[in-house]
Amino acid sequence: MAQRDDCPFCQIARGEMDTELLRDEEDLVAFEDLDPQAPVHVLVIPKDHITVVTDVPSETLTRLMDATRKIAEEQGVAERGYAIRINNGEDAGQQVDHLHVHVIGGRQLGFP
1 MAQRDDCPFC QIARGEMDTE LLRDEEDLVA FEDLDPQAPV HVLVIPKDHI TVVTDVPSET
61 LTRLMDATRK IAEEQGVAER GYAIRINNGE DAGQQVDHLH VHVIGGRQLG FP
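Just so it is clear: in the sequence shown, position 73 is 73 by the UniProt record's numbering, and no numbers are missing.
Calculated directly from the structure, the hints in this document are not laboratory data. Any given hint could be a false lead.
[As the list claims (entries may be wrong)] Label pairs and their computed distance ranges (CB to CB):
(1) D6 to Q108: 36 to 46 Å
(2) D5 to A78: 13 to 23 Å
(3) Q108 to D5: 37 to 47 Å
(4) R80 to D6: 35 to 45 Å
(5) P39 to F111: 10 to 20 Å
(6) E79 to D33: 17 to 27 Å
(7) E16 to L109: 24 to 34 Å
(8) E59 to R107: 30 to 40 Å
(9) G110 to E79: 30 to 40 Å
(10) D6 to D55: 17 to 27 Å
(11) A2 to E79: 29 to 39 Å
(12) L21 to I84: 11 to 21 Å
Because the structure is a prediction, the values reported are computed rather than measured. Here a beta-carbon is modelled for each residue, glycine too, at the ideal position from N, C-alpha and C.
Based on the sequences and whatever the hints tell you, model everything.
What follows is the structure in structure tokens.
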């Protein structure tokens, strides 16, 4: 598993930060966003240090998306609706240099 010592999301994936994991699977973890934009705001990340979605193996991307669906169900937002967002690169607003999928719900959301 390729990880970086200086990446906060790699540190979370390794269990080095005091973060409650909502999911801990073989190749991904999920946890609540530290600055939530809605009542439900969960991040799903690969355990490997992958920077952008274009570098993700298709089987890992499938598991990330499956985890978002499960999280939405577990958090009670699947029925009314939720957003899945990936900020892919600097121009898209990616703030942490580690791929992460936002699962956002629990209130009426606008676009973008």
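> Which numbered conditions among the earlier hints are violated in the structure presented, ordered from lowest to highest?
Replying inline: Violated hints: 2, 9; rest satisfied.
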